[in-house]
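When we follow the numbering used here, the leftmost residue of the sequence shown carries the number -4, and every step to the right adds one.
Think of the hints as simulated: they come from the structure by calculation, not from any bench. A couple of the hints might just be wrong.
[Stated by the list, open to error] Lysine-lysine pairs mimicking DSSO-like chemistry, simulated, CA-CA at most 27 Å apart:
hint, residue 1, residue 2
1, 236, 255
2, 103, 459
3, 652, 642
4, 268, 642
5, 459, 490
6, 268, 255
7, 656, 103
8, 656, 642
9, 331, 490
10, 268, 458
11, 103, 268
12, 103, 458
13, 314, 268
14, 119, 236
15, 118, 103
16, 268, 652
17, 236, 103
18, 103, 62
19, 458, 490
20, 118, 236
All figures in this text were calculated on a predicted structure; none of them were measured in a lab.
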Amino acid sequence: MNNPRPCILQIAIDTPLNAVFDYRWQCEPADRPHAGQLALVPFAHREVVGLIVGVAEQTDVPVDKLKDALAVRAQLSPLSPQWLALAGFAADYYQRPLGEVALPGLPKNLRVGTTVALDRAIKKLAKLAAPHDPAPADMPVLNASQQQAADAIGGAQGFQPTLLYGVTGSGKTEVYLQACAQVLAREAEGQILILVPEINLTPQLEANIRARFPGVMLATLHSSLSEGERMLHWLAAHQGKARIVLGTRLAILASLPQLKLIVIDEEHDPSYKQQEGLRYSARDLAVWRAWQLQIPIVLGSATPSLESWHHAQSGRYRKLELRERAVRNAVLPQVKLIDMERDKPTDGLTAALVAAIGQRLERGEQSLLFLNRRGYAPVICCESCGWVSECTRCTSFMVLHRPEHRLRCHHCSLEMRIPRHCPTCGNVDLQPLGRGTQRVEEGLQALFPEARVLRIDADSTRKKGSAQEAFDTVHRGEVDILIGTQMVAKGHDFKKLTLVGIMNPDTALFSQDYRASERLFAQLMQVAGRAGRAGIPSEVLIQTRYPQHPLYGAVVHHDYDHFASALLEEREQAALPPYLFQALLRAEARELATALEFLAMARDCLEHPGITINDPIPMTMTRVHNVDRAQLLVESPSRPALQAFLKEWMRALRDLKSRVKWSLEVDPLDI
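All chains, full assembly: derive it from the sequences and hints.
This is the structure we're talking about:
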């Protein structure tokens, strides 16, 4: 028998410290650990699970300073070198320690001290017979453009990024599925990753995939799964048993050792960008992962992001187009603008919109009212003295939620009872100002008492499974009028829906965010696309005070091409992304002056030829939960130059003596 020999485990730990830590480990030579395995180690008076990124014979740390690793998770096969490279790239690009990227990307049950959950998942998965019959069920006949797209994607070899640009209802999902069928048939052990932007889009697509590929194991990965479910599904992907993995943005960090195709549905959606912790773009990481593995990737959308459109125009991405709806005789809805200066709204609804809803009720068809503002009213006010319901912890208003008899801040979640009288002057006549989905629901129930009205927003779907139950109700035809926020705007195929009414879209026209018009156009086109998908003539009515605005003209004509070209021209002239690369340094402190002082120090701490560092300014939402926030924007026309600067800058920032909490976001979406 061989004598145990010591080695050094180089381990990444989930900590803000930008370092890899060395630990001693004694083992038989045959049992020597590998990079990609997990290990239990002592760290800062506690025991944590870390990721082994290297195994060495010696270290420059004095031996007496090293601690012993406590255990190596030998029952789990190592994460692949390709996965480690992905985590390393994300850490490097987004300027975060490797441990902060790699460890949170794993299921929580893998990161705890005990192996009970892991052992249980391994046993449960072993009992599941992994189906390995990739033959799909009967596939519908595609039209010519769909078939061309499916063959081009399914037959692609090597790194081939494809932008699938198809109007709403053009059958992009069917193209994905038939392309997947080709890949599964060709690659004996191949795996496919399909990303969707939101959790509520997974059940419908999951059902389609299971029906189409009954002989293939499907794993789903999103934050609504229980920890046990996520562990099991992640393990099925890691072991290669799950040949199709469907998930939200966190699934881009899943272990898929035989990945052969990546599909990103609704690639334009901002939800693909993580907004806290590691602020990564799942779409961008997916493109890098496809390049790393030299596999095809398809990005699908009816309203592509300007970045992807720019890549397609410049030839970096191949562009495939679906210009017609897939269902025979189905055409895009007719879009009309209602001038609210002429047709004055009553309770937020113009006479034209009310009449159109009434016509649908008479014909037994469904209507959708889209208002991206939940709650009853954005604020309550006193008309006597001008008091408004401001949040005491944020630079925001307390939103009225009338059914719950509460005022609620949507930023810090502070709640309070609705005051009986004005806190300033004592006036008891407090009035709601503006409209949210709850108030529109109340008004419609009064206007159409016989109609079946359903509201779908973050407030009405808080319970697990409630969103899917609500959507199923609509699909069964048990709803006449649907009121919703962005939750209903994309991905859903409502067969009987023939009218979409869009309320209060004008505020985005005057936003200081240069991306606001791009997002508004995408939102309007997506929600308009819910109508008329089954071939029934349909229309979209947009209530606006600015019917002459060119954005609305583009929506009326379903003209994404010219709208995107005009926006790209504006961006190029203004030196904005995608013609410029940005990073945003944010600082938080109890006092705004403290945050601004830190950012001023950050601005001046390093020479930066070729890099533009703007002056520090307060964030638009300056105070959240009693914390003041400021930001500093860094720009460069060269991505490599910006990355080189950020690496050096981060080292300098860590040396600054300050108690300010700060974070860096690369490629920010919200400025």
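Going down the list of hints, with the structure as the test:
no. : hint        : verdict
1   : 236 <-> 255 : holds, 14 Å
2   : 103 <-> 459 : holds, 20 Å
3   : 652 <-> 642 : holds, 19 Å
4   : 268 <-> 642 : holds, 21 Å
5   : 459 <-> 490 : holds, 25 Å
6   : 268 <-> 255 : holds, 23 Å
7   : 656 <-> 103 : holds, 26 Å
8   : 656 <-> 642 : holds, 19 Å
9   : 331 <-> 490 : holds, 21 Å
10  : 268 <-> 458 : holds, 24 Å
11  : 103 <-> 268 : holds, 21 Å
12  : 103 <-> 458 : holds, 22 Å
13  : 314 <-> 268 : holds, 23 Å
14  : 119 <-> 236 : holds, 13 Å
15  : 118 <-> 103 : holds, 18 Å
16  : 268 <-> 652 : violated, 31 Å
17  : 236 <-> 103 : holds, 21 Å
18  : 103 <-> 62  : holds, 24 Å
19  : 458 <-> 490 : holds, 26 Å
20  : 118 <-> 236 : holds, 14 Å
Checked against the numbered hints above, the structure violates only hint 16.
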